[in-house]
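K.L.:
If you use the working numbering, the sequence shown corresponds to residues 1 to 254, in order.
Be aware that one or more of the hints could be misleading.
[As the list claims (entries may be wrong)] Computed list of lysine to aspartate or glutamate pairs in EDC-like fashion (alpha-carbon distance at most 16 Å, straight line):
no.: 1; residue 1: Lys243; residue 2: Asp121
no.: 2; residue 1: Lys57; residue 2: Glu28
no.: 3; residue 1: Lys243; residue 2: Asp186
No lab work stands behind these hints, which were simulated from the structure alone.
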Amino acid sequence: MLPIPAEELNGSGALGPYWTFYHAVVAEQLGRWLPQSPSTVLDMSGGNGRWAAQAAKAGHRVVEVVDFRRPADVQPLHDISKVSQVRADDLHFLPDGSVDAVMAEERALSVDLMAESAIGDVARVLRPGGRALVCVDSLVLGMAILAEQNYWAHLRQTGEVMLVPWPDGSITRCFSSVQLRELLTDAGLEVEWIRPRTVLSPSTVDHVLASDSRALTWLVNTELDTHPEDDDTVGIHLVASAKKPVHGDAGASR
1 MLPIPAEELN
11 GSGALGPYWT
21 FYHAVVAEQL
31 GRWLPQSPST
41 VLDMSGGNGR
51 WAAQAAKAGH
61 RVVEVVDFRR
71 PADVQPLHDI
81 SKVSQVRADD
91 LHFLPDGSVD
101 AVMAEERALS
111 VDLMAESAIG
121 DVARVLRPGG
131 RALVCVDSLV
141 LGMAILAEQN
151 YWAHLRQTGE
161 VMLVPWPDGS
171 ITRCFSSVQL
181 RELLTDAGLE
191 VEWIRPRTVL
201 SPSTVDHVLA
211 SDSRALTWLV
221 NTELDTHPED
231 DDTVGIHLVA
241 SAKKPVHGDA
251 GASR
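Please put together the full structure from these sequences, using the hints given.
P.N.:
Next up, the structure:
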């Protein structure tokens, strides 16, 4: 059984309270992660404007890539003086070391099946000391979708790249924490942490919010105060923070 039914993964339907919680977790996590001083932030989350607007509101200059190798529901610019939208299918328009932070939310590296090329571009455009926040579909989700579609033979291939066909005909790439760590380190980035985006179940969230709608902030803080680093046994998505080493850093590796 899927941890969240496939038809609910678009954020609608009976799991509305869970998605309210989920997006609140993302917003709070992003708020804690963004640079403290005004910076140049690249958003390659698909062009829906949600996270670019949050970064701009926090005082950052944002370059938002629209249609980064997938269709996007493009929203109007929230602040044209702080958010620049660029239509591109790669990052060749950006010079080396030109941004301070990169956001790849909305499963950007899972929808992009050539994730190695994409994260290589991310590492190139980051300045030394710059950071990237990426969200991907988890191996748990991929295996659940395959099981729901009776692709039992594919479940034995968990050591390889897992490409999962969705009921709508799209394909997503799912990662274990080990695979995500390898993806980032092979690009020359230092992994700061990897964790499930959420560990609280939809049923738990629904129960708590049904009892007290004011409990959302408490739920979000509870979620983010847990530290399930490298735990890929729960959660439909994994999120990771990684840093581009400063030249001469002892931790730099490929």
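K.L.:
State for each hint whether it applies.
P.N.:
Here is what the structure says about each hint:
Restraint check for Lys243 and Asp121: the C-alpha separation of about 14 Å stays at or below 16 Å, so the hint holds. Taken as a hint, the Lys57 and Glu28 pair is honoured in the structure, with Cα atoms around 14 Å apart against an allowance of 16 Å. Simply put, Lys243 and Asp186 have alpha-carbon atoms about 13 Å apart, close enough for the 16 Å limit, and the pair holds.
In summary, this structure violates none of the numbered hints.
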